[in-house]
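What follows is the residue order along each chain.
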Amino acid sequence: MNAPRALVVAAPGTNRDRDVAFALEQAGATTEVVRLGRLAAEPHLLRGASMLVVAGGFSHADAFGAGRMFALGLTSALGDELAEFVGTGRPVLGICNGFQTLVRAGLLPGALGHNQSGSFQCEWVTLDPTPSRCIWTDGLEPIDCPIAHGEGRYVHQDPTALAAAGQVALRYRENPNGSVADIAGVCDPSGVVLGLMPHPENHVVVRQHPLWSRGTHRGLALGVFERGVRHARGC
Amino acid sequence: MAVGARLTVWSIGPDPRGADLVADARTLGFDWVDDIRPADLFFLDGDLDERGRTELESLLVDPMLQHGTWEHHRAGRGEDRGAHRAATVHVVETSLLPGVTDTVADVLQHAALTLGVDLRRAATGRRFEVVTHDDVAGDEVQRLATRLLANEIVERAAVGLIDPPFAHQHSYDGTGLVEVVPVRDADDAALSALNQARGLALDPAELRVIANHFATIGRDPTDVELEMLAQTWSEHCAHKSFRAEVELPDGSVEAPLLARLRDATDSIAAPFVRSAFVGNAGIVSFVPDVTVAVKAETHNHPSAIEPFGGANTGVGGVIRDVLGAAHLPCAVTDVLCFGPTDLPSERLPPGVIHPRMVHEGVVAGIADYGNKIGLPTVAGAVLFDAGYTANPLVFAGCVGLARAGDAAPVLDGPHPGDLVVVLGGRTGRDGLRGATFSSATMDATTGDVAGASVQIGDPITEKLLIDLLREAAGSYTAITDCGAGGLSSAVGEMAESTGAIVELGAVSLKYAGLTPWEIWLSEAQERMVVAVDPDQLATLGAHADRCGVEVSVIGRFTGDRRLIVRAGDQVVADLDTQFLHEGRPRRRLAATPPAPRRNGAVPAVDHPAAALLALLAHPNIGSKESVIRRYDHEIGGATVVRPVVGIERDAPADGVVLAEPDATTGLAIGIGVNPWYGTVDPERMARAVVDEALRNVVAVGADPDKVVLMDNFSWGDPRRPTTFGALVAAVDGCVAASIEHSAPFVSGKDSLNNEYLGSDGERHSVPPTLVIHAIAHIPDADRVVTPDLKAAGNSLVLIGVTDAEFGGSHLGMVLGGFDDPLDGTAPAVDSRAPARFRRLHRLLVSGAVAACHDVSEGGLAVALAEMAIGGRLGLRVDQAPHGDPTVAWFAESTGRFVCEVPADRAARFVREFTDAGDHAVVIGTVTEHPVLDFGAWSVPLDAAVGAFTGGPRR
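Chains A and B, in that order, are what the protein sequence lines are.
Numbering of the first sequence is given in this note's numbering, commencing with residue 7 and proceeding in unit increments.
Numbering of the second sequence is given in this note's numbering, commencing with residue 150 and proceeding in unit increments.
Keep in mind the hints are simulated off the structure, nothing from the lab.
Glycine residues also receive a C-beta, built at the ideal position from the N, C-alpha and C atoms.
Treat the hints with care, as some may be off.
[What the hints assert, rightly or not] Quick list of simulated restraints, FRET-style, between CB atoms: (1) 931(B) x 236(A): 21 to 31 Å; (2) 171(A) x 997(B): 51 to 61 Å; (3) 196(A) x 995(B): 53 to 63 Å.
[Stated by the list, open to error] Far from chain A by the CB rule (all over 10 Å, computed), these chain B residues: (4) 159; (5) 189; (6) 259; (7) 490; (8) 513; (9) 750; (10) 889; (11) 988; (12) 1095.
Whenever a hint applies, use it, and build me the whole structure from the sequences.
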């Protein structure tokens, strides 16, 4: 099978780009990490790619709000190319800071505010996929993976309508940050763009699970990336 | 006075940050505070038309989360909207001091450029609306502002509207402003006056040597030369006390402490040690073609006066140490020592920040740097003791990896002709004299005079440096970090064997107006210095461009062993590198050896169940989850054993294990620290904490024959013979333990003078604090063991000997201590321990052990409780390891482990040890029944969980 080409886009302060590149390779993609600056200068890189991942981290130190500066750079440099990329049905994934960025860039609905606790939280959560249009979670079993964020509280004025529109992809089994309706991940109306706060890229081999030393092998999150890769193959 | 606009950004609905502030205010005794509503301030200076405002507002305000209010701002005037909203609302506004790095403002400038908005200057601040139920005097509000809302070391606070904090524009060009300091004819009194006035922190003998040196070369030093000598010869950089000859009461003179540690490492001659006690970090190699760099640093003084910035830059500094050893950082550790967070405000010494605020600030500072730079903060400890109230301690460690063998870049420079190149952040007037400051005793006014010695870090800039060094390895011949002493220290060290000529005009500055010595000594963060072959400069530049890292060529390495610093056409320093590095007179320090009592006193325990619960609830033993959760310990996907383990992930791990997701081997990190033993018996303390660090890595599956150690001493003033004597005893303990276990020390750092001279005239010194890091090889990353109990029916085996050792014990602490605090004995080490560790390791990797936990603070009962909490299982103990129940359950004897093994294999497991003449005994069984049953007494599991997870008093 041909290995789809995945671009992992990074801004100054992006720091989970290598983690997500590893996950994509485990799922069968060939990956390249590209800084936004270079991507803006060489937009053909985007045209030549069959999937795009906006990796997590602290782009621009979360100055005046997580993802805002990254989103500004992304839209001002690549707004049209990005719309075209999505328009042709190629999958896009935003994780943590990447999710915050895609929301600010207008590709995903809602907003992300400070955690209810008021501080950064790093802990493992269980995510339940909900019936949705999302190609990244279609038929996915529940997954376990860590959160690591300070601004992960999902806000939306009408979560019921969002769910009815098939755009709620993942919910927290135990809500860690006060997100409305336990929403952990949402997709765009077409279902090819997924954004989520937790880090599936940090649970793609069984040894990464915190209960693995107790013999627990559950909730591997590799399936998220495998679905993205499978869809990208069709593009 | 700046004219422009200010945008105040409010959270829609309660701002989660407000609740924490109210809680803090209450602990600090501000009972009149009902609520605090924080908002973010943006000061925007420029001709902002309607479009400009709209663009900026859409960037700064997310309409789903926030709303913004614009005001024209004229400094000092403007309507106080908050106060008008309600009579009982007091407004406090804060902002960074001019010159303190405001990264948000920098990003905002960058954004304005992208948006095509004319923004000349930007700055940020915070607004707080403090709601009270009754009228409060203005000075009370002012007190709240400076105690809780702002730290005047780096921030300003105003009751009402604050002026825009734009950095002052310097009208003059400071380069050229060089002062010649007359020392040649100065007598000792004049020299010591100079020492005081410039805060040089030099000894009289050193001042005399400097004066004589310049007398012989026939001129007086410039301020640049004098400051450089003071920095190079500072305790912080030169480790004078560790290099000092040791004079005993009988007049005999013994080898310096550093030499003793080095000799021990040499005598062990471990094949996996690549570099010990040289350069920025220790370097080892456990597997072919991969080397590991390890380093641990202290950042105590800065953290005492500005907890966030101090801890923040402490992490940044130790990461640069690993970068300076040409390794890529992969994990961070931290050990924190604080005063009691519930200390009544009236008992707080003058000029000291409340331990609760120090705790908050330090943890936030470490989280901010580690999380943003993208390194997992994996191992650590948090200790509380009244002795740390005025001198909190912050130890930060870093581990890095590099490829060894043929593929590795050659770093044999600097060569004469190589360029002196500065990478990363710009240089400002920040962090001046940090090296000398950290080597001096603090007093009630230190906060005022030392303001410039603390900064706030910029982890993103350092992240970009890591990206660059990952890509550009091979384009430089030598590298070192800019830490204490700034360029003076970095270039000075690199040029020791070659000499160099530097042009200060080429150093890229944050703002104009710095004098030459300020540029040379500035400790602005996030800078590295590399030596670059001129032919490689273009390559390096191209990489730096892609990564967004600034590069300045500031000079070249020569070959004449002279360090020449120019400012334009003026030579501002011209020093013989020989004199700079070897000219310092060697110290000789008097040591009075401690005389520990070492008696077998045992505290009286009437209610063992209550004692166990009190131990589990003690801040030093209770769960540190609330702190650990604020650090990203998952990034990298390599954290196999985390700092918290078990079903509910709230039980303590022994060591942590790192292994790349696709690797078969890994690294274990263990930490040992116990200042309470140090108070009663420094030598046994050292041996006990080395033993603890080793137990921690062995317990998770590390190979005791492939382990290295790091030492970090935080001590009082070594010029006091009893204090130095305790330090000598501790070092001798380290040496003995290192040799017994064939575990070589590869790196160390001492932070002395951790004393506080209160305006009451009393000296407050920290307890003798030694932090030991053990870094060990994990031969099979798929065979690691955690302490949480796995299955009912398994047997519990205690390995090791239990004795009446209660000196400095936590049982003593929770019972209020012995009548005489020096009573009891700190635990001795067991000569059988090294063989025991190896035997246990073989059994762990064979898969014979379901759970393993070392026995430390609180003794066997606490160790068993922690295992039960981890597995949420009960246990029944039917065999006491000692005739005296208090000794059996609560003694802190070293060298012990509890192992959970299948019942049918327990007898054979025990024989493995007893046949070899060692001690091991089946003490009990894991049960479904959720009770910790010690026979004569018991504790319900949920009571133990409740006590333990109460965590440190906050």
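Here is how each hint holds up against the structure:
1. 931(B) x 236(A): 21 to 31 Å: holds (29 Å)
2. 171(A) x 997(B): 51 to 61 Å: 56 Å Cβ-Cβ, so the 51 to 61 Å window holds.
3. 196(A) x 995(B): 53 to 63 Å: For residue 196(A) and residue 995(B) the Cβ distance comes to about 54 Å; the hint holds.
4. 159: Answer for residue 159(B): holds, closest chain A Cβ roughly 12 Å.
5. 189: It is violated; residue 189(B) is separated from chain A by about 7 Å at its closest Cβ, not greater than 10 Å.
6. 259: violated (8 Å)
7. 490: Given that every Cβ of chain A is farther than 10 Å from that of residue 490(B), nearest at about 16 Å, it holds.
8. 513: violated (8 Å)
9. 750: Its Cβ never comes within 10 Å of chain A, the nearest being 40 Å, so this holds.
10. 889: Since the minimum Cβ distance to chain A is about 30 Å, residue 889(B) lies beyond 10 Å and the statement holds.
11. 988: The assertion about residue 988(B) holds, with a minimum of 22 Å to chain A.
12. 1095: Non-interface label stands for residue 1095(B): nearest chain A Cβ at 20 Å, farther than 10 Å.
In this structure, the hints that do not hold are numbers 5, 6, 8, in rising order.
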